[in-house]
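Protein chains: 2
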Amino acid sequence: MKENVRILGIDDGPFLREIDTDTVLTGVLMRLDGTIERIMVSRIQIDGSDILPTLKSFLADLNKLRVYAIVSEGVTFGGFNLIVPEEFTAITGIPYISVTKSQGELDSMISAIDKHCLNPSYYRDKIAQLKPVRKKIYATDFTINIAGIPVEEAMILLKRLMKVGTVPEPVRIAHMISSAVRSVENTEKKRKI
Amino acid sequence: MKENVRILGIDDGPFLREIDTDTVLTGVLMRLDGTIERIMVSRIQIDGSDILPTLKSFLADLNKLRVYAIVSEGVTFGGFNLIVPEEFTAITGIPYISVTKSQGELDSMISAIDKHCLNPSYYRDKIAQLKPVRKKIYATDFTINIAGIPVEEAMILLKRLMKVGTVPEPVRIAHMISSAVRSVENTEKKRKI
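Read top to bottom, the protein sequences are chains C and W.
Just so we're aligned: the first sequence equals residues 903 to 1095 in the numbering used here.
Just so we're aligned: the second sequence equals residues 903 to 1095 in the numbering used here.
Next up, chain C with everything else stripped away, as it sits in the complex (with noise of 0.2 Å):
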């Protein structure tokens, strides 16, 4: 594989549902190597459905930079926003490689629809679609939901970005950079109030 090949990480930050209607999402653009080349921001609502879109302004952005791959931890941001590979590869184009060490994702998904969601069928449907299969990496068992991608490729790319830990590289900066944005955010709305 490539050094230059493309991977945009993405990540989600924190948030209240008693207090907050949106949160933040970000998008780190970086090569194999290492380098990154792009940061976005953006915000999602928080059990929302513009997930979808948000990822779509931020290939936009991209503008003729090509991205091999999108990396996320697990397939659920700001609560419900939920992203089917699948579907945002036949979008899309562009492969989706969902990682994450919780075996439990689905369980606890459909056991949270009907508490949070307005929807439930409409997530319930969704959630059928995933396909997720358990892989090791390294010493470590991971779920994984892939799109558009052969398993043993979407593995040898997962073993090249998990440097620091069992999170790959461009996902624990976007979720750096998520965490740090609420941060101050936060503080920001302690001032008005």
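Just so you know, the hints here were simulated from the structure itself, not pulled from any lab data.
Mixed in with the good hints, there may be bad ones.
Which copy is meant is left open, because identical chains are indistinguishable; a pair holds if it fits in one copy or across any two.
30 Å max Cα-Cα, derived BS3-like pairs, lysine-lysine [what the hints assert, rightly or not]:
1. Lys1033 - Lys1092
2. Lys958 - Lys1061
3. Lys1091 - Lys904
4. Lys1065 - Lys904
5. Lys904 - Lys1061
6. Lys966 - Lys1091
7. Lys1065 - Lys966
8. Lys904 - Lys1028
9. Lys904 - Lys1033
10. Lys1037 - Lys958
11. Lys966 - Lys1003
12. Lys1091 - Lys1033
13. Lys958 - Lys1092
14. Lys1037 - Lys1065
15. Lys966 - Lys1092
16. Lys1017 - Lys966
17. Lys1003 - Lys904
18. Lys966 - Lys1037
Got chain C sorted already, so can you dock chain W onto it with the hints?
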């Protein structure tokens, strides 16, 4: 120099004097091997004097992670929020390295003082403390302002940190984050109008 030495790169976000009263300042803590360990975002006033307390709060947030040096592009942030490296180092004990390609930074500062500063004599005194030197890194001329570190060592550090173009890597990433955060803030403002 050890690979696990930690550099804190900082950079501010864009702003418009007619509209904004503050902007963001991002800090990126990076090891010499390129690993990003922490990302912090805060706010600074336009033409204010809160850059020093903001950097002190970044250092406090880093708790016991030892920062080898702070690196920035130039010595002004959010307009005239000015860092005097010697003053910073005297207070914090941490070396400070400012580097910029721009040759006329001091001249343009002095000519803009009367235009933008409520207290021009305060800024003139601060600027008089700066001791810029002109140095070549690879084939490019830079103005550097340093304190708490010998020039030769600062030059070695800057060469190591300039991986992409002529900006030290943690500063380049802090710049991308600050810009992305301001971009989403401006989108929010437009939505509220």
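Hints, verified against the model:
no.: 1; hint: Lys1033 - Lys1092; in the structure: neither (42 Å within a copy, 40 Å between copies)
no.: 2; hint: Lys958 - Lys1061; in the structure: within (26 Å within a copy, 37 Å between copies)
no.: 3; hint: Lys1091 - Lys904; in the structure: neither (45 Å within a copy, 41 Å between copies)
no.: 4; hint: Lys1065 - Lys904; in the structure: both (17 Å within a copy, 19 Å between copies)
no.: 5; hint: Lys904 - Lys1061; in the structure: both (14 Å within a copy, 26 Å between copies)
no.: 6; hint: Lys966 - Lys1091; in the structure: between (37 Å within a copy, 28 Å between copies)
no.: 7; hint: Lys1065 - Lys966; in the structure: both (27 Å within a copy, 23 Å between copies)
no.: 8; hint: Lys904 - Lys1028; in the structure: neither (34 Å within a copy, 49 Å between copies)
no.: 9; hint: Lys904 - Lys1033; in the structure: within (28 Å within a copy, 45 Å between copies)
no.: 10; hint: Lys1037 - Lys958; in the structure: within (28 Å within a copy, 44 Å between copies)
no.: 11; hint: Lys966 - Lys1003; in the structure: between (33 Å within a copy, 29 Å between copies)
no.: 12; hint: Lys1091 - Lys1033; in the structure: neither (40 Å within a copy, 40 Å between copies)
no.: 13; hint: Lys958 - Lys1092; in the structure: between (33 Å within a copy, 21 Å between copies)
no.: 14; hint: Lys1037 - Lys1065; in the structure: within (18 Å within a copy, 35 Å between copies)
no.: 15; hint: Lys966 - Lys1092; in the structure: between (41 Å within a copy, 27 Å between copies)
no.: 16; hint: Lys1017 - Lys966; in the structure: neither (41 Å within a copy, 41 Å between copies)
no.: 17; hint: Lys1003 - Lys904; in the structure: within (27 Å within a copy, 32 Å between copies)
no.: 18; hint: Lys966 - Lys1037; in the structure: neither (33 Å within a copy, 37 Å between copies)
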